[in-house]
Structures are given as C-alpha cells and as structure tokens.
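Chemist: Order-wise, the sequence lines are chains A and B. Here my numbering is used: position 274 in the first sequence is 274, and no number is missing along the way. Here my numbering is used: position 76 in the second sequence is 1076, and no number is missing along the way.
Hints are supplied without guarantee of correctness; some may be wrong.
[Unchecked claim] Residues from chain A that face chain B, not an exhaustive set, calculated with beta carbons under 7 angstroms: (1) Ser-29; (2) Glu-79; (3) Ile-81; (4) Gly-88; (5) Arg-282; (6) Gln-286; (7) Glu-336; (8) Thr-338.
[As the list claims (entries may be wrong)] What follows is a set of in silico ranges between Cβ atoms, one per label pair, in the way DEER data are often shown: (9) A:Gly-295 / B:Tyr-1103: 41 to 49 angstroms; (10) B:Lys-1179 / A:Ala-14: 22 to 30 angstroms; (11) A:Arg-291 / B:Thr-1207: 35 to 43 angstroms; (12) A:Phe-58 / B:Leu-1015: 29 to 37 angstroms; (13) A:Arg-291 / B:Ile-1100: 45 to 53 angstroms; (14) B:Arg-1176 / A:Asp-194: 53 to 61 angstroms; (15) B:Lys-1169 / A:Arg-312: 17 to 25 angstroms; (16) A:Tyr-376 / B:His-1221: 38 to 46 angstroms.
[Unchecked claim] Residues on chain B that point at chain A, a partial pick, calculated with CB under 8 angstroms: (17) Ser-1022; (18) Glu-1209; (19) His-1221; (20) Pro-1223.
Keep in mind the hints are simulated off the structure, nothing from the lab. All C-beta atoms, glycine included, are put in the ideal place defined by N, C-alpha and C.
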Amino acid sequence: MRIFDRQYETMPRAELEQLQLERLQALLSRLNRNVRRYREQIADVRVESLKDLARLPFTTPEDIEDSSPYGLFALPLREVIRLHSILGPKGRPLVIGHTRNDLTHWGRLVARQLVASGVTANDVIQVCLGGSLWRGASGYVLGAESIEASVIAEEPFHIDAQVAMLRDYRPTMLITTPTNALELMRTMEQCRIDPPSLNLRTLLLSRPVDAETRAQLRDSLLVAVHCNFGVDEVLDPGLCVECEEGRFHVSEDQFLVEVRDGELIVTTLAREAMPLLRYRTRIACQVGQARCPCGRTGVIIMPGGRLDRRLRVEETSFYETQVAEVLQQTRAAGHEFTFKVAERRILVSIVMTEDLFSDMMWPLENLARDVESEFYARLGIEAEVTFSSSRDPQ
Amino acid sequence: MLLQVKNLRCGYGSLEVVRGVSLHVSAGEIVGLLGANGAGKTSLLKAIVGLLPPWQGDIFINGRQTRGQPAWTSISNSVVLVPEGRKIFANMTVRENLIIGGYHNPDRRTDLEIVLDRFPRLRERLAQMAGTLSGGEQQMLALGRALMGRPRMLLMDEPSMGLAPMMVKEVFAEIREMKDMGVTVLLVEQNAAATLQIADRVYIMETGEIILEGRSADLGHNPEVKRAYLGKGYKEVWE
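Working from the sequences, and respecting the hints, build out all of it.
Modeler: Below is the structure:
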C-alpha cells in the first residue's frame, strides 16, 4: 500500500471522529473570535457532536464574493503569504488566502495523492496545466516538493514542445488536464511516437473523467491513469486522494464533508487564513459507504457535475451571466443572443436586428471578430459568432 | 486513544472555566496543552483525575468512562497527576516521598531502585528532607514519585514553573524520556517554546476553549501561537 501519511489517512473511524469534533470546536472558537460574519451567526451555537454540524450556517460562493477580498480572513493579512483568486458567481473574484502553515498542509495533502499514484522521491514530474490553472499547478509543485520528487518547472506553450520535453527530460509522471492529455495522445499518434520510448509511467488528470476516456488514455499512452478531484474555493488539488481502487477518499482529518440534497458541502477543519464553514460547493455528489481495501478510512465520495450555471470550455471556467457581460462590451450590446458550449469553444448566435443589418458582409464579419476577440480577452476562451434571424436554438 | 475527553464543562460556583473542551491523547504520545494564566488548563486536568467534579461531558480512560469517579481511583486507571507547584511532602525525606508514590505498588522496593537509577541526584539526597531540595530537584522528586505508581499516563501541570532555564531544559529532557519508557504524557504548560520542542501534538486553550490543535512542528509556525505565546505580536491587527 502506498500511503504518505499513515497516521491520518488510515486513522480508525472513532479516533478520526474525535479529531474532527475537536478541530470543529476549535474552528468555531476561532471563527467566533476572528471573523465578524461568522460571529454574528454562530455566537450561541454549541456543537457537542458532529451531528450538530447541521445546526450551523452555510457559507455560499456569494458570501465569499460579498466579503471579498479579505472579509472572511481569520488572521491579519500580514500572516497571509499567498493569495489566489477564483471566479465568483457574480463575475467578481473570490480571494482565497493561505498562511505558511496552510501551504505546508497543502503540500502534504497533495503528496498523499502523488504517493497513492506511485510517486517516490526518485520520480520526475512534469506539470502541464496551462496558465488558467496556475493555482492547481502550484499545489502540485508543493506536493512534489513534500516528497522531494523532481518537478519540471516549465510550461510549454505548444504541444510539440511538450512532446519534446517528454523525450528530453524523461519525466515519469505527467500531471495535466484531460483536454491536454487527449491532445498529447493524438499528437503522439500523428507523430508515430512509441509510448514505451518515453519514460512516462503515470498520468494524473486534474479532474475526473469517464471510464471510457480513462481507458483510452491508458491504452494509447500505456500509462497508469489517475484522476484528481478538488473544489477551487476549498482546495484543488488536495481535497481528496484517489486510491489504487479508483475511489476518492476525502482527507477527513482536514475536511468535513456532508451531502445535502445531492450537493457537496465542505468544512475546512485546519485552514488558518480563510477557514470555510459548511461551504456549499454547488457540485453534485454522492457518498459511498463501502470500506476500501486500500486501507484508507476517509469517506469515499463520487462527485458529479455542477449544480449552478458554471460552464467550462477547454478547462477555463466561466458563469453563464458572464457571456452577456462580455457581449455588453461590444457593439452587440443589448441584442438578444443564444449560446452553447462546444468541445473547444463557445458558439454564440446573435439575433439579427435592423441596426446590425448591412448589405455588405464585412461589417458583420468585423463585429463577429470583435466579439470573438472580446471573449478571448475577457474569459480566455475561443468563441465562434454567428448571426441568426430568431432566438430559435440552432 | 488512552484518554478521550468530550465536551467537558466544569468550573467553580457559578463560574464556568472549562467550556466544552474535547481532546484526546493516544498511547505513547506526548501531548501539550498550552494556554495563558486563567485559560482553564489546571481545572481541566483536575476534572480529568476527579479532583473537580465535571458539570457536563465525558471522560474516557482506556475506553472506560471515568467521569464522576473519585480522584483516588485514578491511580487504578494508571493515570497519575504531577501537580502544579510539585506538592511534595516537604517535611518528609526523599525516600518517604517516593515510597508514598508507590503505596499501592507491591513492587515498590524494586521500583524505587529503578527510579533512583533514573534520577541519581535523588539517590544522593535520599535521607534529606524534601523541602530542602532545590526547585529542579523537587520537580525530579515529583516526577519520580509519580513513576513509583507505575503510570501508563502522566498528567503534568506546569513542570517548568519557577525553575531556572537550565533546570527547565533538564526537566523537559526527562519528560521526553518518559515517552521512550512507554509512558504517555499530557503536559500542561505556559512555556510554549519548550513544550513545542518535545510534544508530538499540542492543543491551545484560551478562556476555557480549545482554539487550535495540531502537530507541534506546525503550530510553531501558527500566527496565533507566535503572537500569544512566542512573543511575536502586532501593533495593529490589520498590518
């Protein structure tokens, strides 16, 4: 069994629940003392067992957004040594802070996943997540450093450069997005690169994929395929560990999870800078009951899709409301539109009106180009704009 | 878990000083309980051994509920308290103090030799009145007296209190050795720096509540611990 932190990962349930209760009570004391928003809500609540969690208030993404940037911090800003921002539901950033200890814990939590995926200090890890996922990449680097594996601190822009790095640097593990992994697979097939000629043994994907994609990658690249599951606002990567059996075990010494009405709710038990109490992740989830032969005692979760209007194109996330906001910045402002998300781009159809109409093609082509470049500039996603005569979906 | 405390509340008169504390100590661990004066640390220890009746909550020693049991039964649970200020019998000799520590131990004569081997300074002063010992020696005597009861777990209340820095180092080295002897230790202290060096895990207590729990190595970097216990404060909160 490949387990990094045996004390916590395999802790007997009774002991784990005692630890969770202690950490929850300590968390409530700290929130009560240090965070005004929580103090107003939890001042009179007594928690004497984990079941009492249900009596505590939720924290929503909107709460974080409204308190942004530092309203939910439980420590002075001077102690916060890393700030990350995540897109909020209203389009404003959610600021997540980390102290020195938070980063140390983060590294250890990611190390749990890396060790479960077979990484040792002798491995060379290539992290290729793209610029929009820099936050996640920094987590993987911390994790790799915790187990003293070598990390390639380069992010090749082009897939050819990535293939060249796989050849030259001889990494044994590649951490990347499913989109990039599939592109890599296609490129290697086109270039007729024999996977055994590389040293790659393990592929760790930044998010869960279906069994078919996993098998496709495994069979084409001839590597063991593992997936990560995380929640941006809580921790991604680091929330859970995918074990050898392919199950996601939550690191329950650090996170308390519940599922309410099919939604995953997470409480951070040890976060210093910005603890979250019963955070509504807006991610569908089920909890598994089975005991896992891997020996880990952390609860097994089966995450599903998003429950809100957050969409994703090529690993870049955005909210549905932001599409209208982008159009608002162009000459198409105020016009009706429809859109749908395709595999690698967003297809926007703007309803034609008299003021847009022209008897020449170039004004419309110019407008389409403007809108497309606005989407790339503001959201970092490719768009394809067409014009239609009605709102009917195409 | 050798010791498990859940939601413990206790106090004096109508004053609640321990306000819903949960903690645990696993066998073989040294666990520190840090807090300023008046945080409720000593009251918590007294409640664990039965010297202060708990108002509410559970205390399990080795899985057995001991809440409400009188203090004198705690020795049969192999839990021994080394009280604050040593509380040695000043008008008795060192030997008598040690023998009293093992009053229920049929092998106390043999154990006396083991304890004296462990603390050679006590052997030199065996016939001396305990009250004439130095502070550090008195602390060694208190520790030796506790060991005479063959404890599985020691509850130590501020062993560094009133000792010179060199003596603190010596006493803490002895506590560290307890772990190697297989004795589990719950160490209540105000001396954060020394405790963080020898404890496996630490709880931080403030005004009757636990506000932090974690491995010593981590808590040494915790901003609140640094501020409150290691003297690295702020002038302004929002610096």
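Chemist: Can you let me know if the beta-carbon spacing of Tyr-376 of chain A and His-1221 of chain B is within 38 to 46 angstroms?
Modeler: 42 angstroms, holds
Chemist: Would the stated hint for Glu-1209 of chain B survive a check requiring a Cβ distance to chain A of less than 8 angstroms?
Modeler: Holds. Min distance 5 angstroms.
Chemist: A closest beta-carbon separation below 7 angstroms is what the hint needs, so does Gln-286 of chain A meet it against chain B?
Modeler: 30 angstroms, violated
Chemist: For Arg-291 of chain A and Thr-1207 of chain B, compare the CB-CB distance with the range 35 to 43 angstroms and indicate the outcome.
Modeler: For Arg-291 of chain A and Thr-1207 of chain B the Cβ distance comes to about 41 angstroms; the hint holds.
Chemist: Against the range 41 to 49 angstroms, how does the distance between the Cβ atoms of Gly-295 of chain A and Tyr-1103 of chain B compare: consistent or not?
Modeler: 45 angstroms, holds
Chemist: Hint validation: Gly-88 of chain A versus chain B, beta carbon distance must be below 7 angstroms. Holds or violated?
Modeler: 23 angstroms, violated
Chemist: That 22 to 30 angstroms hint for Lys-1179 of chain B and Ala-14 of chain A (C-beta), does it hold up?
Modeler: With a Cβ separation near 23 angstroms, Lys-1179 of chain B and Ala-14 of chain A satisfy 22 to 30 angstroms, so the hint holds.
Chemist: Does the hinted range 53 to 61 angstroms hold for Arg-1176 of chain B and Asp-194 of chain A at CB?
Modeler: 57 angstroms, holds
Chemist: Taking the Cβ atom of Arg-291 of chain A and the Cβ atom of Ile-1100 of chain B, is their distance within the range 45 to 53 angstroms?
Modeler: With a Cβ separation near 50 angstroms, Arg-291 of chain A and Ile-1100 of chain B satisfy 45 to 53 angstroms, so the hint holds.
Chemist: Is the interface hint for Ser-1022 of chain B satisfied, with its Cβ closer than 8 angstroms to some Cβ of chain A?
Modeler: With a closest approach of 5 angstroms, the Ser-1022 of chain B hint holds.
Chemist: Go ahead and decide if the range 29 to 37 angstroms is satisfied by the Cβ distance of Phe-58 of chain A to Leu-1015 of chain B.
Modeler: 35 angstroms, holds
Chemist: Holds or violated: the hint that Glu-336 of chain A contacts chain B, with Cβ atoms closer than 7 angstroms.
Modeler: Glu-336 of chain A check fails; min Cβ-Cβ to chain B is 47 angstroms, beyond 7 angstroms.
Checked against the numbered hints above, the structure breaks hints 3, 4, 5, 6, 7, 8 and 15 and satisfies the rest.
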